[in-house]
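*Asks:* Listed here are the chains, written in short residue letters.
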Amino acid sequence: MSALAAFVKKEFLHIFRDKRTLLIIFCMPIALVMIFGIVISTEIYDAKIAIVDASSGIRAQQLIEKINASNYFKIVSHLRSSSNLEEIFRSQNIKLAILIPQNFDKDFQNGPPPYIQLIADASDLNVATTLIGNITSIVQAFVEENSPPSASLPPFQITTRMYYNPEQRDVFMFIPGILALVLMIVSAMMTSITLVREKEFGTWRLLSSTPLPSPIIIVGKLIPYFLLSAINSCFILGLATSVFGMPIHGNPFELFLVCLLFILTSLSLGIFISSITHTQQAAILASMVGLFLPTTFLSGFIFPIENMPAWLQPIAQIVPAKWFIEAIKRMMLKGASLQHVLTQIYVLAGMTVLLLTISIRRSRKQAT
Amino acid sequence: MVQIENLNRYFGAVHALNNVHLHVQKNQLFGLIGPDGSGKSTLFDILATLRLPSSGKAIVHGFDVQKKASQIRKIIGFMPGQFSLYQDLSVLENIRFFANVYGVAFDESFPLIRDIWQQIAPFKHRLAGKLSGGMKQKLALCCALVHKPSILLLDEPTTGVDPVSRKEFWEMLQTLKSQNITTLVSTPYMDEANLCECIALIQNGKILAINSPAAITAQFKFNLFGVQSTRSNMLIKQLRQFEKTQHCFAFGKTLHLMLKDFSMTERDIVEFLEKHGHKNVAVWRMKPGIEDCFIELMQS
Amino acid sequence: MSSPSIQAHNLVKTFGNFTAVKNLNLEVQPGEIFGFLGANGAGKTTAMRMLCGLLKPSSGHATVAGFNVSTQTEHVKKNIGYMSQKFSIYDDLTLKENIQLFSTIYGLTSAQTQERMKQLAIQFELEDKLKNLVSTLPLGWKQKLAFSIAVIHQPRIVFLDEPTSGVDPMTRRQFWEMIADTASTGTTVFVTTHYMDEAEYCDRVSIMVDGQIQVLDTPQKIREQFSAQTMDDVFSLLARQKKTNPKQIL
Numbered sequence: 001m002s003a004l005a006a007f008v009k010k011e012f013l014h015i016f017r018d019k020r021t022l023l024i025i026f027c028m029p030i031a032l033v034m035i036f037g038i039v040i041s042t043e044i045y046d047a048k049i050a051i052v053d054a055s056s057g058i059r060a061q062q063l064i065e066k067i068n069a070s071n072y073f074k075i076v077s078h079l080r081s082s083s084n085l086e087e088i089f090r091s092q093n094i095k096l097a098i099l100i101p102q103n104f105d106k107d108f109q110n111g112p113p114p115y116i117q118l119i120a121d122a123s124d125l126n127v128a129t130t131l132i133g134n135i136t137s138i139v140q141a142f143v144e145e146n147s148p149p150s151a152s153l154p155p156f157q158i159t160t161r162m163y164y165n166p167e168q169r170d171v172f173m174f175i176p177g178i179l180a181l182v183l184m185i186v187s188a189m190m191t192s193i194t195l196v197r198e199k200e201f202g203t204w205r206l207l208s209s210t211p212l213p214s215p216i217i218i219v220g221k222l223i224p225y226f227l228l229s230a231i232n233s234c235f236i237l238g239l240a241t242s243v244f245g246m247p248i249h250g251n252p253f254e255l256f257l258v259c260l261l262f263i264l265t266s267l268s269l270g271i272f273i274s275s276i277t278h279t280q281q282a283a284i285l286a287s288m289v290g291l292f293l294p295t296t297f298l299s300g301f302i303f304p305i306e307n308m309p310a311w312l313q314p315i316a317q318i319v320p321a322k323w324f325i326e327a328i329k330r331m332m333l334k335g336a337s338l339q340h341v342l343t344q345i346y347v348l349a350g351m352t353v354l355l356l357t358i359s360i361r362r363s364r365k366q367a368t
Numbered sequence: 001m002v003q004i005e006n007l008n009r010y011f012g013a014v015h016a017l018n019n020v021h022l023h024v025q026k027n028q029l030f031g032l033i034g035p036d037g038s039g040k041s042t043l044f045d046i047l048a049t050l051r052l053p054s055s056g057k058a059i060v061h062g063f064d065v066q067k068k069a070s071q072i073r074k075i076i077g078f079m080p081g082q083f084s085l086y087q088d089l090s091v092l093e094n095i096r097f098f099a100n101v102y103g104v105a106f107d108e109s110f111p112l113i114r115d116i117w118q119q120i121a122p123f124k125h126r127l128a129g130k131l132s133g134g135m136k137q138k139l140a141l142c143c144a145l146v147h148k149p150s151i152l153l154l155d156e157p158t159t160g161v162d163p164v165s166r167k168e169f170w171e172m173l174q175t176l177k178s179q180n181i182t183t184l185v186s187t188p189y190m191d192e193a194n195l196c197e198c199i200a201l202i203q204n205g206k207i208l209a210i211n212s213p214a215a216i217t218a219q220f221k222f223n224l225f226g227v228q229s230t231r232s233n234m235l236i237k238q239l240r241q242f243e244k245t246q247h248c249f250a251f252g253k254t255l256h257l258m259l260k261d262f263s264m265t266e267r268d269i270v271e272f273l274e275k276h277g278h279k280n281v282a283v284w285r286m287k288p289g290i291e292d293c294f295i296e297l298m299q300s
Numbered sequence: 001m002s003s004p005s006i007q008a009h010n011l012v013k014t015f016g017n018f019t020a021v022k023n024l025n026l027e028v029q030p031g032e033i034f035g036f037l038g039a040n041g042a043g044k045t046t047a048m049r050m051l052c053g054l055l056k057p058s059s060g061h062a063t064v065a066g067f068n069v070s071t072q073t074e075h076v077k078k079n080i081g082y083m084s085q086k087f088s089i090y091d092d093l094t095l096k097e098n099i100q101l102f103s104t105i106y107g108l109t110s111a112q113t114q115e116r117m118k119q120l121a122i123q124f125e126l127e128d129k130l131k132n133l134v135s136t137l138p139l140g141w142k143q144k145l146a147f148s149i150a151v152i153h154q155p156r157i158v159f160l161d162e163p164t165s166g167v168d169p170m171t172r173r174q175f176w177e178m179i180a181d182t183a184s185t186g187t188t189v190f191v192t193t194h195y196m197d198e199a200e201y202c203d204r205v206s207i208m209v210d211g212q213i214q215v216l217d218t219p220q221k222i223r224e225q226f227s228a229q230t231m232d233d234v235f236s237l238l239a240r241q242k243k244t245n246p247k248q249i250l
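Residue numbers (the numbering used here), protein chains in the order written: chain A, 1 to 368; chain B, 1 to 300; chain C, 1 to 250.
Isolated chain A (complex conformation) (with noise of 0.2 angstroms):
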């Protein structure tokens, strides 16, 4: 239908002629990979840390070689005693000291099992647990490899394996987050924000008193921005896949539908706020608090819903994103195919369904 392509045409010509909106729509996804995979990343290299070795003997040196070796430890401090050490802690800056006792060689042989003292710098908390968390998985590995088969070994250990991500990548956490993110800002504030401003102008008015249908209005305001989330996203797991090394396990094209779904879900939000919302600037309102700040603190994507208060965690149930970061996660880490996220996929499209209808309803309110 040549209205509708005009329409889509259009609306190309207002995103190519509106440099605020290029680039939102280009620039702001690799900007924000960059940011959450790159600056914002909790996992700490070549932290300065102490060591002191009241033992010389030659298994704790081994131990210290290892740490060394690793790429997450840079020994500043190499000590006999602690009696200065809280000296260094202040004078060089140290964030974690490892104190080998003793008999650490005796005891490595013939047991009690050894024994390390850590102290940490818990100026900064998450900085110690990320750093304590590190050494521990070290030293464990260096007990495990130099334990004789013949030793008795503790009544029972546990090892712990790290599933579907198992370099603790936390950027592998971040990339559904920012791809919700992305898709949320082109699809439902981009949207809003277009949609309004027909209004605003009055243009609404106009094409209103034309022959044209208004949901071909609305469809042909939600095609150019339903193809650029989609670009959108497929750039953002090319991001992920060829710069962060982040696996897809799943099906890829399956992992696209289920963005195409949650593009649908963001553009239905987008036409609910440009409904309830007469400016461009409640609009961007709107958005920023109905959509931004539930997607970023309340979807999982920075903060666990698990550790959210009781009362906090049914409202970040109905943040469609969380439901969206849950499928993605699964698809690409998991290996998840289709039938394994169907909850999410009923949700979301349940989502867009009640939203479409709520904002038809609206606009047939206001028409009369």
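Each hint should be verified, as a subset may be incorrect.
[To be verified] So the derived label-pair ranges between C-beta atoms look like this:
hint, chain 1, residue 1, chain 2, residue 2, range
1, B, N6, C, Q123, 42 to 48 angstroms
2, C, Q123, A, I284, 43 to 49 angstroms
3, A, L260, B, Q82, 35 to 41 angstroms
4, C, E97, B, E5, 40 to 46 angstroms
5, C, G66, A, F26, 55 to 61 angstroms
6, A, N126, C, T71, 54 to 60 angstroms
7, C, T71, A, I284, 40 to 46 angstroms
8, B, T175, A, F12, 35 to 41 angstroms
9, C, Q112, B, N6, 51 to 57 angstroms
10, C, E224, B, T265, 27 to 33 angstroms
11, B, N18, C, Q119, 34 to 40 angstroms
12, B, Q82, C, Q123, 33 to 39 angstroms
[Said to hold, decoys possible] Calculated pairs, DSS-like style, for lysine-lysine (alpha carbon to alpha carbon, straight line, at most 25 angstroms):
hint, chain 1, residue 1, chain 2, residue 2
13, B, K130, A, K199
14, A, K9, B, K74
15, B, K74, B, K26
16, C, K56, B, K130
17, C, K221, B, K167
18, C, K56, C, K78
19, C, K86, A, K199
20, C, K86, B, K130
21, B, K130, A, K19
22, A, K66, A, K48
Keep in mind that the hints were calculated from the coordinates and are not lab data.
No residue lacks a Cβ here, since even glycine has one placed at the ideal position from N, Cα and C.
Chain A is already provided as a structure; the job is to place chains B and C on it using the hints.
*Replies:* Positioned in the frame of chain A, the structure of chains B and C alone reads:
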């Protein structure tokens, strides 16, 4: 072409259109004259099927606005009061877009828009937002005519436009008459009333009068005089105290004095003013204009 | 004789290589109603903004109330009132609150505010509506209020930018009576309008075409000069002359 009977429209407690009756004949240039907030735009919205009446009937080209909105939309060309084209699209892109919306091809040569197109063609690649006020209105008219409508609805097309562009715009409307188009146009400028074949004066949602401009001025009920004096600011207050005065208003430096009593002559007025110490008073009988009629009808 | 309220000498404003105002020369006396006419884009708004001290002239010299518009803008602003077609009044405040707000902005004491409010309420018949929200009033009242605010600090000159668009003929006339009242107290009124018949209320008018004043005189003399019936005809004549030079269309 347009029949409106007993039309009412409320917005909450506001009675925006109050029992409006109105008939527009085929190929007529019909003017709806009234100030801001008189209900002109609401009436246009109803005819353009953007709003529903609260009660009453409105028929456009035989189609009822409440039941046959989609048929009406095909045959009307609407130009809303607010400039409603895409400011970030060029002149040509706007026209092509609206041609596509109506499913027609833009044909620069067809007689209806040839004249208008010639005037805006030099700026066809300019963005609509960068045009002057008069040019914007011509472009909007062009877009409203692109599908050869049989009824043209123009809501205040000349508001805020300078007098020369206004004149040019009205000249264009005159030529449309010969092209088989019925035009319903609203304006707050009373001086534009004389350019219409038939006018309706509207105030507070009520039609004050409908007729040709000549017939409306012929129905003027008062004895009208023009008065001038050298001390004009005292003059108006004193004339309002004259017992026979119905209304007195300044039209520039001339005061229009409306008297109920047709037996009064220039002499009576001069005598009254001279008693109040005015010298060099000029008083003469006047033919009423549309503004005089509007003031008279507003008061009754 | 007192010195002129407004004096402009070869005032020029250029934007890039476009000259919006070319050599503007005019003089307006205290208590005069001066009509400043011209087509859209003729440079009226630019000229007015320069005279109000809102825009720096590219060259030339102008004084308003005796102060230089390019160097003494603060003094200029204190001595003028300004009313734009969009009325900068707050819809969600009452008339009284608006008046109080603007008198505070202009630095009136609360005693002065009370005094002025009383005067204006009587002069412009605002009394019954002082406690009404502006948004609930018709356009004519908003104009009255906007005008009252423009003269609240008793400026020596008041600039009115298309103050009467869109009101009914009676309200329009009442508004011009307000203007005449104000001028009769010695305040200078500088007004732009699109209603050519309103030029007749002015003591003198100028018509601007393409950044230049083409005519400046009393309405009567201008009509005689062009042997035209109305100012509207004069305006059209001037525009036709301009059209003979096709480069300047628009």
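*Asks:* Would you mind marking each hint as holding or not holding in the structure?
*Replies:* Results of checking the hints against the structure:
1. The supplied range of 42 to 48 angstroms is met by N6 (chain B) and Q123 (chain C), whose beta-carbon atoms lie about 44 angstroms from each other.
2. At about 45 angstroms, the CB distance of Q123 (chain C) to I284 (chain A) agrees with the hint of 43 to 49 angstroms.
3. Between L260 (chain A) and Q82 (chain B) the Cβ separation comes to about 37 angstroms, which falls inside the hinted range of 35 to 41 angstroms.
4. In this structure, E97 (chain C) and E5 (chain B) meet the distance hint of 40 to 46 angstroms, their C-beta atoms being roughly 45 angstroms apart.
5. Between G66 (chain C) and F26 (chain A) the Cβ separation comes to about 57 angstroms, which falls inside the hinted range of 55 to 61 angstroms.
6. Between N126 (chain A) and T71 (chain C), the C-beta spacing of about 59 angstroms keeps the proposed range 54 to 60 angstroms intact.
7. Range check, T71 (chain C) to I284 (chain A): about 41 angstroms between beta-carbon atoms, so the 40 to 46 angstroms window is met.
8. At about 37 angstroms, the CB distance of T175 (chain B) to F12 (chain A) agrees with the hint of 35 to 41 angstroms.
9. A hinted range of 51 to 57 angstroms holds for the C-beta pair Q112 (chain C) and N6 (chain B), which are about 54 angstroms apart.
10. Hint check: E224 (chain C) to T265 (chain B), Cβ distance near 29 angstroms, so the stated range 27 to 33 angstroms holds.
11. Between N18 (chain B) and Q119 (chain C) the beta carbon distance is about 38 angstroms. The supplied range of 34 to 40 angstroms therefore holds.
12. The given range of 33 to 39 angstroms is respected by Q82 (chain B) and Q123 (chain C), whose C-beta atoms sit roughly 35 angstroms from each other.
13. Between K130 (chain B) and K199 (chain A), the direct Cα distance comes to roughly 20 angstroms. Compliance with the 25 angstroms bound is thereby established for this hinted pair.
14. Restraint check for K9 (chain A) and K74 (chain B): satisfied, since their Cα atoms lie roughly 23 angstroms apart, inside the 25 angstroms limit.
15. Between K74 (chain B) and K26 (chain B), the direct Cα distance comes to roughly 17 angstroms. Compliance with the 25 angstroms bound is thereby established for this hinted pair.
16. For the hint linking K56 (chain C) to K130 (chain B), the alpha-carbon distance of about 24 angstroms falls within 25 angstroms, and the restraint holds.
17. Simply put, K221 (chain C) and K167 (chain B) have alpha-carbon atoms about 24 angstroms apart, close enough for the 25 angstroms limit, and the pair holds.
18. With a C-alpha separation of about 17 angstroms, the suggested pairing of K56 (chain C) with K78 (chain C) holds against the 25 angstroms cut-off.
19. Distance hint between K86 (chain C) and K199 (chain A) is fulfilled; the C-alpha atoms sit about 21 angstroms from each other, no more than 25 angstroms.
20. Distance restraint check for K86 (chain C) and K130 (chain B): the Cα-Cα separation of roughly 21 angstroms lies within the 25 angstroms cut-off, and the hinted pair is therefore satisfied.
21. Annotation: proposed proximity of K130 (chain B) to K19 (chain A) holds, straight-line Cα distance about 18 angstroms (limit 25 angstroms).
22. For the hint pairing K66 (chain A) with K48 (chain A), the CA-to-CA distance comes to about 15 angstroms; that is within 25 angstroms, so the pair holds.
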